[in-house]
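Novice: Given the sequences, and given the hints that come with them, work out the whole structure.
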Amino acid sequence: MVTTSLTLMCLVAVLVPAAWATPDQERAQQTIPTRTPDRGARTPEPTKKPKPTNRPSPTFTVVIEASPTSTPVPPTPTPTQTWTPLPPTPTETETPVPPSATPISPT
Numbered sequence: 001m002v003t004t005s006l007t008l009m010c011l012v013a014v015l016v017p018a019a020w021a022t023p024d025q026e027r028a029q030q031t032i033p034t035r036t037p038d039r040g041a042r043t044p045e046p047t048k049k050p051k052p053t054n055r056p057s058p059t060f061t062v063v064i065e066a067s068p069t070s071t072p073v074p075p076t077p078t079p080t081q082t083w084t085p086l087p088p089t090p091t092e093t094e095t096p097v098p099p100s101a102t103p104i105s106p107t
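So the sequence shown is numbered by the working numbering: it starts at 1 and just counts up by one.
No wet-lab data here; the hints were simulated from the structure.
Do not take every clue at face value.
Stated by the list, open to error - Now the in silico label distances, taken between C-beta atoms and shown as ranges:
{"hint": "1", "residue 1": "T71", "residue 2": "K49", "range": "58 to 66 Å"}
{"hint": "2", "residue 1": "Q25", "residue 2": "P58", "range": "54 to 62 Å"}
{"hint": "3", "residue 1": "W83", "residue 2": "P58", "range": "54 to 62 Å"}
{"hint": "4", "residue 1": "P23", "residue 2": "K49", "range": "41 to 49 Å"}
{"hint": "5", "residue 1": "Q25", "residue 2": "T47", "range": "34 to 42 Å"}
{"hint": "6", "residue 1": "P46", "residue 2": "P23", "range": "36 to 44 Å"}
{"hint": "7", "residue 1": "K48", "residue 2": "P23", "range": "42 to 50 Å"}
Yeah, the Cβ is synthetic: ideal placement off N, Cα and C, and Gly gets one too.
Specialist: Dropping the structure here:
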């Protein structure tokens, strides 16, 4: 229902202004001013298209060479070793800085 009413409103918005055009507006749309050619002036000849030549279109050839003695490469075997993680490294212990310590000034 909404789509139908929107379509109807769009049609009315497009068609109504054209129906209410004044006679001056209609005359302005009908008369297209054209320049009259000068007396004795030659009319320009239409531009001629160049004649197509019967040259064949360029063709490109792709050559793929395959060696006759090529053998398929066997797939690489999967390793049978299992991965063992390294032992954890000991962490360093940090000594806490007391809050009353004075900061070192950069000089």
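Novice: Each hint should be assessed against the structure and marked as holding or not.
Specialist: Cross-check of the supplied hints:
no., hint, in the structure
1, T71 to K49: 58 to 66 Å, "59 Å, holds"
2, Q25 to P58: 54 to 62 Å, "57 Å, holds"
3, W83 to P58: 54 to 62 Å, "58 Å, holds"
4, P23 to K49: 41 to 49 Å, "44 Å, holds"
5, Q25 to T47: 34 to 42 Å, "37 Å, holds"
6, P46 to P23: 36 to 44 Å, "38 Å, holds"
7, K48 to P23: 42 to 50 Å, "45 Å, holds"
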